[in-house]
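Enquirer: If you want the building blocks of each chain, they are given just below.
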Amino acid sequence: MLRMQGVSKIYRTKFVETHALEQFSIHAHKGEFIALMGPSGSGKSTFLNVAGLLDEFESGSYWLDGVDVASLGDGQRSRIRNHKIGFIFQSYNLIPELDVFDNIDVPLRYRGLAGPRRKELIEKALTTVGLSGRMQHYPAQLSGGQQQRVAIARALAGGPPLLLADEPTGNLDTEMAEQIMELLAAINADGTTIVMVTHDLDLARRAHRIVHIRDGRSVDEAALAAVARNV
Amino acid sequence: MEIGPILRAMLRNKLGVGLLVVEIAFAVAVVVICLGIVAKNRASMSIPTGLDERNILTIQIQSHGAAFDEASYMRQVIDRDLDTIRAQPGVLDASVMSPWPLQGGGSSTQMKPTGQPDSALVRCPVYRADTHFLATFGLELVEGRAFADSDIPLLPDPADDAPPAPDNVIVTKALADALYPDGALGKQLTGPGGGDTGDTIVGIVRYMYTPYDNGASGMEYRILFYPRKPGSPANLGYMVRAEPGAIDALFTGLEERLEALNRERVVKTVSLMEIKQRGLFLNLIVVRILSTIIGLLLFVTAIGMFGMTSFAVAKRTRQIGVRRALGARKFDIARLFLVENGLIAGAGTLLGLTLAITLNLLILSKSDAVPRVSAGPVLFALALIAVVVFLSTLVPALRAARVPPATASRAA
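Each protein sequence line maps, in turn, to chains A and B. Quick note: the first sequence uses my numbering, first residue 666, plus one each step. Quick note: the second sequence uses my numbering, first residue 352, plus one each step.
Excised from the complex, chain A in its bound form (with noise of 0.2 angstroms):
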């Protein structure tokens, strides 16, 4: 599903080059559960960024679902971002002024599907993350989990393969976590292929497989189980 080789993101100023990401590898199969984990700073956002086609990288090859996405424009990557990923964000990044129909609405409309087709997704979503009585409500009207949860369904609706999430219960206490990480657990269950970024252990155990990132660079799991048991 998402296949990184050798990947490189330098972040320059006048100055100072930073080497975010350095000769990055990962690959994640369809319908895993990646958690990604690392030390602030060791460039987990980064390669969310890169991961999602947020940002462009340096050097180094992503295969996306099958796609070479080095080379594609920006239009190409709104496309793909719109079909084929879902985000999910620690401080959730819904649309204040919208409703919560509105906000799940936004991709569905990015895609130019019928509205009630939208409608059907829309519903389908709510339903799914159990706010389908919270429709007309603002975000402003929602507690933190509910609005992680109505993040969860705008990346949902559209029935992306692939959902990214980057530290989804870093803003939310522990029950609310636990809700949403059963979430993700159950949409993961139905085939989406999720990668999270976290640095809680006991959420990243909750993966099926756990990379960890050390200043830009993958460190293979086993690896670094054996450095431990030689400590």
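Calculated from the structure, these hints are not laboratory results. This structure is a prediction, so every number in the text was calculated from the model and none was measured.
Chain B side only, calculated, beta carbon under 7 angstroms to chain A, not exhaustive:
| no. | residue |
| --- | --- |
| 1 | E353 |
| 2 | A360 |
| 3 | R363 |
| 4 | Q670 |
| 5 | G678 |
| 6 | A679 |
| 7 | R680 |
| 8 | A757 |
Covered stretches of chain A (in silico footprint by chain B; criterion: 3 or more residues with CB under 8 angstroms from a CB of chain B, positions within the stretch not fixed):
| no. | segment |
| --- | --- |
| 9 | 717 to 731 |
| 10 | 750 to 758 |
| 11 | 771 to 780 |
Per label pair, the in silico range of CB-to-CB distance:
| no. | chain 1 | residue 1 | chain 2 | residue 2 | range |
| --- | --- | --- | --- | --- | --- |
| 12 | B | I714 | A | A805 | 46 to 54 angstroms |
| 13 | B | L694 | A | F680 | 41 to 49 angstroms |
| 14 | B | L366 | A | S724 | 44 to 52 angstroms |
Using N, Cα and C, we set each Cβ at its ideal position, and we do this for glycine too.
Starting from the known structure of chain A, fit chain B onto it as the hints suggest.
Expert: Below, chain B without anything else, positioned relative to chain A:
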């Protein structure tokens, strides 16, 4: 097109949106009303006079000798002047008359058909002219005859208290039709007080232009020509029709000739074109002032729209990044802001048009100082507002489109 969600989102910010709508409404109302007035004045300035303006010059004479106060002397002076002018090479004909066409001022009277007391009075500008004015202006006589020497009244006797004898008059076809639709030739005129003047229509000319612009009232073509009383006034005016190409040489030549005839006067030649420009000076000033107001208002509106859109883009940068992350193309983002402002402008325009029409009707019910709101200025105002809104929104909208999608994942 996501008009529904945009409208619903805008309604969450009623005050901000409302202020913009009111600003645009005010601009539209003022622009529509001003454009109407500008259009009216421009139309007045561009009405064809029907006269051979390029080949007609006027001669203004200011006399300063006591002898000129005597009517009999003045008559001799005029006869000699006109003979001299007509004898100049390049002159087709010359006439003494007052006022001059296009001069921007003059007098009018009101007449109605004699024997029809219930008829409405018809207002008409008045010229006083001699036997040569038809040829001088190249006017076409459609019925009757031109003035003859016998139509020119004799010098009045100061000792005679008898009322002046009735005149034979010439009218334009427009005035003839307004007074006597079934035929005006030979008919008499009744004045504003209801008294019969005894003045008889002896000739009808197809057309003549007014001495002063009176807008689109219709009176500018309803002209009444009286035979000029001999010997008055002291300030004389001649109209001279030149052969094509001969007018330039006549300017100085005629001044010198006429001044040589009598040194107690100042002679000045002015082209009819210049007279027309002076007559339309007020129209020109109105057009320029209102055009400046319109320009300033549109500029302020553009600045307002630009500022508000730039502020919205800056405030919603993260939201733009989120939309990009969710699949919006750059075009979608630019379109979002263009549609938002288009809807605001549309609402403002509707409100502004309603305001303009209401104000217009209100003013028209009290006076005819402004023209009725018509389709032309309204459409032009709409086009101007549309262009201003589009251009002032385009730059910030394109800036919004350049917000990178990675903005969505940056820490709030």
